[in-house]
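Note that the protein sequences, when read in sequence, are chains B and W. Under numbering that gives the first Met the number 0, the first residue of the first sequence is numbered 0, with each subsequent residue one higher. Under numbering that gives the first Met the number 0, the first residue of the second sequence is numbered 0, with each subsequent residue one higher.
There may be inaccurate statements among the hints.
Listed below are several chain W residues computed to face chain B (Cβ distance under 10 Å; list not exhaustive) [claimed, not checked]:
| hint | residue |
| --- | --- |
| 1 | 31 |
| 2 | 45 |
| 3 | 271 |
| 4 | 274 |
| 5 | 278 |
| 6 | 327 |
| 7 | 328 |
The following label-pair restraints were derived from C-beta to C-beta distances [said to hold, decoys possible]:
| hint | chain 1 | residue 1 | chain 2 | residue 2 | range |
| --- | --- | --- | --- | --- | --- |
| 8 | B | 103 | W | 230 | 36 to 42 Å |
| 9 | W | 26 | B | 107 | 34 to 40 Å |
| 10 | B | 98 | W | 198 | 35 to 41 Å |
| 11 | B | 98 | W | 7 | 33 to 39 Å |
Okay, derived cross-link-like pairs now, DSSO-like style, lysine-lysine, Cα gap no bigger than 30 Å in a straight line [said to hold, decoys possible]:
| hint | chain 1 | residue 1 | chain 2 | residue 2 |
| --- | --- | --- | --- | --- |
| 12 | W | 84 | B | 34 |
| 13 | W | 50 | W | 29 |
| 14 | W | 164 | W | 152 |
| 15 | W | 29 | W | 51 |
| 16 | B | 107 | W | 50 |
| 17 | W | 171 | B | 107 |
| 18 | B | 34 | W | 164 |
| 19 | B | 98 | W | 29 |
| 20 | W | 164 | W | 188 |
| 21 | W | 51 | W | 152 |
| 22 | B | 34 | B | 70 |
| 23 | B | 70 | W | 164 |
Treat the hints as calculated values from the structure; they're not laboratory data. Because the structure is a prediction, the values reported are computed rather than measured. We treat Cβ as the ideally placed atom computed from N, Cα and C, and that holds for glycine.
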Amino acid sequence: MATQQIIEISPAELLEKVSAMKAQGQRLVQICCSKLPDRLEVVYSFDQDFTYVSYRLTLADTSTLVPSISKIYGNSFHYENEIHDLYGIQVQGISIDFKGNFYRTALKTPFNCAPEAEVQVPS
Amino acid sequence: MSERTIIPFGPQHPVLPEPIHLDLVVEDEKVIEAIPSIGFIHRGLERLVEKKDYVDYVYVAERICGICSFIHGLTYCMAIEELMKVQVPDRAQYLRLIWSELSRIHSHLLWLGLTADSFGFESMFMQSWRLREYILDIIEETTGGRVIFGSAKIGGVRRDIPLAKMDEIMKKMRVYRKDVAALCEQFMKDQTVKHRMRGVGLLSREDAISLGAVGPMLRGSGVAQDIRMTGYSGYDRIGFTPITETAGDCYARCMVRVREMDASFQMIERCVEQMTDGPIEVKVTGNPNGEFFMRSEQPRGEAIYYAKANGTKFLSRLRVRTPTFANIPPLLTALAGCQLADVPVIVLTIDPCISCAER
């Protein structure tokens, strides 16, 4: 497979790094979030000529604000709405902000909720 | 300026096999803007990875989509194989390629029928689905399943295709190739098809790149990007070249799919010629550790499986980015400025698969 690389950055560096990727003509491939026992990770992936580069933000919890990159990459809005709805990541300034209504789920932030909340069947 | 009206399109609509909603902002008959809304069938399959061990999850991955089920299972297996440094035998790679390309042909035939149906070309719909049945029959003969193949496994494949069966299938495939080519020629040369699709739903090369389009949506705008170019699963051995068109309209996206079907028949033939006897799987022991983004080219475009493992039998995260999810923002650009009557045709030229997109 083609090469791939994951680079750790802070939320404050995000817009600058993403702008640089856009200037290079990179394609935004995906944004995803992972919940780990002690932290949340948000990964922004870019591709150009099959070279796959990702920037990773590590967040202690959902109280950290993450700037939206939708002014740089217009297609980021649905990824950002997705990480907000499934994990509760607070993304500021999304171009099309569904305000928690992108996914119609029975539970709020279903991928980042306490295990006892998962087993409750909504009446 | 004319008065603006918002027309809801979907989630239930005759051309939509699955639910997606678009708020179409129109002035008279002209669409000014489209605002999407999904989430009607979100299944949370990604999180099931915490409850199904990494071997069993192959069956869940295959059920993410009913059309490209095999390629979903395959991409998941390849992600785990990368993490565990498993070398898959050559014969298994060729078999994976054959089933992947059969999936592409039947998916494109399904799409062709639905697209023809979207503007009332009923006989084309019936003919393309008739031919699709023959491909599904071959899939059933070789895997035992028509929708869920159950053939992909970590370390190889579950079933082999015996030589005699392979010869029999190839004889049929040569006939089907001619039938599909004749049908596609009829579709692409039809004056009504040209009238409804040429210059409609334009997406420029620059927009296709900056909006993250994938698959025929991207290649129809002149970008030669196809994950099969990376050579996964034996594509490097059969001389793969991506198919592109430059017009960026609905007709160009259709032409890419039509030409891809013929290329898939050729690739299957080359695969059968090159295949040699050998094992179809290797034994996999231990648990995966690390993280990897695996990419594959599904009929609708690039799919991404991000697997993050912690050395136990349960992955800590699996993220699936499907092609339809990536093609929603380019669709909104293609819809802006079109006529209201063209909306169903434009929507179908991204070949939407919403169950995939919502996982």
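*Unsatisfied constraints (hint numbers, rising)*: Hints 1, 3, 4, 5, 11, 13, 15, 17, 18, 20 and 23 are the ones this structure does not satisfy, whereas the remaining hints hold.
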